[in-house]
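J.: Sequence:
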Amino acid sequence: YVRVPDPANGRYRLAEVRRPDGRLLGVGNTAWTTDRTFIGGGKRPIKENNLHLLDHDSLGRYTLTYEPVAEPDIESPTSAIAALPASSFPQIPLSWSGTDTGGSGLATFDIFVADNGGPFNLWLERTALSGAVYPGEADHTYAFYSVATDEAGNREAAPVTADATTTTDRENTAPVLTVGADVTVDEGQTVRIANSATDAESDVQTLVFSLGTGTPPGVTLNPQTGQLTWPTGEGTGPGTHDITIRVTDNGVPPLSDSDVVRVTVREVNAAPVVNPVALQRVSEGRLLSVQMVATDLDLPANRLTFALGAGAPDGASIDPDSGLFTWIPSPLQGPSTNPIPVLVTDDGVPPRSGQTILTVVVLDRLGDFLMEIGRTNVLSGGSSSVPLRLTSDSLRRLDFTLEVPAGWLENLAIDSVAPDLLSSSLTPVGEGVLAGSLEFDPAGLVNGEREVARLRFDVPAEAPSGIVALRATEVTGMTTGDEPLTNPRLQQGRVIVVHEAPVLEACCADAAQLILYGRPGTELVIEASPGIGTDAAWEIVATFVLEGEFTIIPDVSLPDANLFYRARIVEP
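Quick note, my numbering runs 130 ahead of the 1-based positions in the sequence shown.
Since the hints were derived computationally from the structure, they do not count as laboratory data.
No experiment lies behind these values; they were computed from the predicted model shown.
Just so you know, even glycine gets a beta-carbon here, dropped at the ideal spot from N, CA and C.
The reader is advised that the hints may include incorrect statements.
[What the hints assert, rightly or not] Derived Cβ-Cβ restraints for the label pairs, each shown as a range: (1) V390 - T303: 20 to 26 Å; (2) V491 - G512: 47 to 53 Å; (3) A401 - R495: 14 to 20 Å; (4) W253 - E364: 55 to 61 Å; (5) V491 - T652: 54 to 60 Å; (6) C637 - T603: 22 to 28 Å; (7) A573 - T456: 29 to 35 Å; (8) G439 - G574: 33 to 39 Å.
Construct the entire structure; sequences and hints are all you get.
T.: As structure tokens, this is what we get:
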């Protein structure tokens, strides 16, 4: 804290205190001046001008800035009421203003009034307003003047003559409204109607236009010009609308005039809109469901009916009422990209339609057709056959390569079974490889699942026991429309050949079963082991004497997921 004599000695006002580092002390807070010092003890204070500074980490130097002290305001302000017309309405609008040049500023006004030459009386006292309406009476003469007071308390002297004088000999008359002609528009068009009004007192009055009750939503009226604007829309037609226009003056009392303009809005049927949907993907054989949604802005609402446009793929459909699109692509409909027109039509007059394109990509997940080679078992030295089955649609030709391990089967040939099979061939083209072909009658073609032929073969007497795979490759087809089919589904076949040794086959993923093949009357044993190495420990599970060429062993116990099984002939 520092207290020193005031360098200005009270002649100037302290405005700023700045430290050498640029920081400011708050004048009136941490920096201030006094003009006397109180010493206590009931003694009079000492008149002296001091500077007081309260600071932290003071650098010992300060820059002081002073401002001149304002001179005391001793001048009175001036004021006047604006001139009035010679003739007025009983309600007299007054306005006043004043000046206080170089002074402390205007504070309040006193407004005086004299009636019919009588003495002036105070009407408004110490008001801060700059205008007001005087409530006079008809056929009176009124005089007015104002007296202003400034912030320093200086009061203006009353004038010798009145500032404004007027006689209340005018009467308010109603304005006259002229509305525009009636109009007829279509829904969606904007109505614009020009309205106008006249008033005998327009020199001193203002007219305001407004809308009457029952005006339709959306109608606007310019209060100054009377211009009516209405952007019509769905729901405003069909209909006839009487709109009341009113014009009102600001006289005392305010008077008005009104009239009606008629607007007829004709119904326009808007086309419905089908909401677009994202690209859809579906695999062959799977159900695709897409809920199509359409909107129609017409009121009252129209009934909407959905339909598919030209070029929609076979099997695709849409519910005409709900808009639910469904499609299960067939095995022959993928891969493909299908732009499907979806239409919606309303029942307006006239009916209108809208459409969108539903794009569906069909993934080629199913074969174009199914070829199945059957299974069988046979003893060495015997003959047998397996069925050839097809599940197809419009397939007129089938070509394939058949791979058969050498040494097991011979004299392979195809025997026709289906009535629509015109010709068949199976030709050796290499060791264990045969080229096959089936030709069907397009006129009598049978579609769907069916057995079309049998693959016949002989087994040499010396053929060993084993599982002979019948594997079809390079399978292609041709439709009645000469469309190539290159994506078949295949179910390969096999033949169990039994010479002397038995054959054990695991069966059925959903049920643990073993099928044991062997010669009838042979005593066989089934063994199990956790491993199949040379040191594997095999444990007997069951012993059988075959009555036929095979037996099914159901409900095989599997205590260990890695258990192996084998079959062998019981040694004498």
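J.: Now tell me, hint by hint, if it's right for this structure.
T.: Hint check results:
Roughly 22 Å separates the CB atoms of V390 and T303, a value that falls within the hinted 20 to 26 Å. For V491 and G512, the Cβ-Cβ distance of about 52 Å falls inside the hinted range of 47 to 53 Å, so the restraint holds. In this structure the hint that A401 and R495 lie 14 to 20 Å apart at CB is violated, the actual value being about 39 Å. A hinted range of 55 to 61 Å for the beta carbons of W253 and E364 is consistent with their spacing of about 59 Å.
In this structure the supplied range 54 to 60 Å holds for V491 paired with T652, their Cβ-Cβ distance being about 58 Å. Take C637 and T603: their Cβ atoms lie about 25 Å apart, and the range 22 to 28 Å holds. The hinted range of 29 to 35 Å is satisfied by A573 and T456, whose Cβ atoms lie roughly 33 Å apart. Checked against the hint of 33 to 39 Å, the pair G439 and G574 passes, with Cβ atoms roughly 35 Å apart.
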